[in-house]
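Asks: Letter by letter, the chains look like this.
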Amino acid sequence: DAKTTQPPSMDCAEGRAANLPCNHSTISGNEYVYWYRQIHSQGPQYIIHGLKNNETNEMASLIITEDRKSSTLILPHATLRDTAVYYCLRAQGAQKLVFGQGTRLTINP
Amino acid sequence: GAVVSQHPSWVICKSGTSVKIECRSLDFQATTMFWYRQFPKQSLMLMATSNEGSKATYEQGVEKDKFLINHASLTLSTLTVTSAHPEDSSFYICSGARLASGYEQYFGPGTRLTVT
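Sequence order for the protein chains is D and U.
Anchor point for the first sequence: position 108 equals 121 in the numbering used here, and the numbering is continuous, going up by one each time.
Anchor point for the second sequence: position 42 equals 43 in the numbering used here, and the numbering is continuous, going up by one each time.
For the record, the hints were derived by calculation from the structure and aren't laboratory data.
Treat the hints with caution; some may be incorrect.
[What the hints assert, rightly or not] Only some residues are given here: those of chain U computed to face chain D with a beta carbon under 8 Å:
no., residue
1, 4
2, 27
3, 45
4, 50
5, 104
6, 105
7, 106
8, 107
9, 108
10, 110
11, 111
Heads up, the beta-carbon is just placed ideally off N, CA and C, and yes, glycines get one too.
All chains should be modelled from the sequences, with the hints used to inform the complete structure.
Replies: Here it is in structure tokens:
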């Protein structure tokens, strides 16, 4: 049980912002939201994580709703190299990450 | 920072032999390491959680006598697939957890195992 829900696939035009939604309606108060992506035949790459505040780093922004039941990962200026499977996960501390099927994001030229 | 390496990146072995895969955290200490496997077109499935200096905790359905995990130091964990069979062919990925604001898990590049 991945405990998060994501659309199976999305498309985005190169140069535009890619907004990837995730539902985690049963998240508990001490669980963080994590985002990873996996490019074909590689290990997952850490993107960002957050607890309740919005977060931004050099890769992406994470917007978490006030009730924490959902979040959105934003890639501000998508490039072709951002084509990957994006996983939204929730975990507390150094707990194991349970991967669902993720969202297959395709960036189109 | 936060780099995890795996060796080898790919390996082919014959049925019945054993294969060892190494996972190293290069620039941080990982008190907890995880081992996953991924079959084609499927998501990652956790096999076991390993804490330095203690026995690994295996997920339901994963044979601990077949998949031997050793986490002898804060930067090295090994997975040995014993008496490998063709159905063990898969992509094996490790990760190390680094304490940050919450924990961040950093994944290795994976090891492609093919058993003939």
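Asks: Looking back at the numbered hints, which does the structure fail to meet, lowest number first?
Replies: 1, 2
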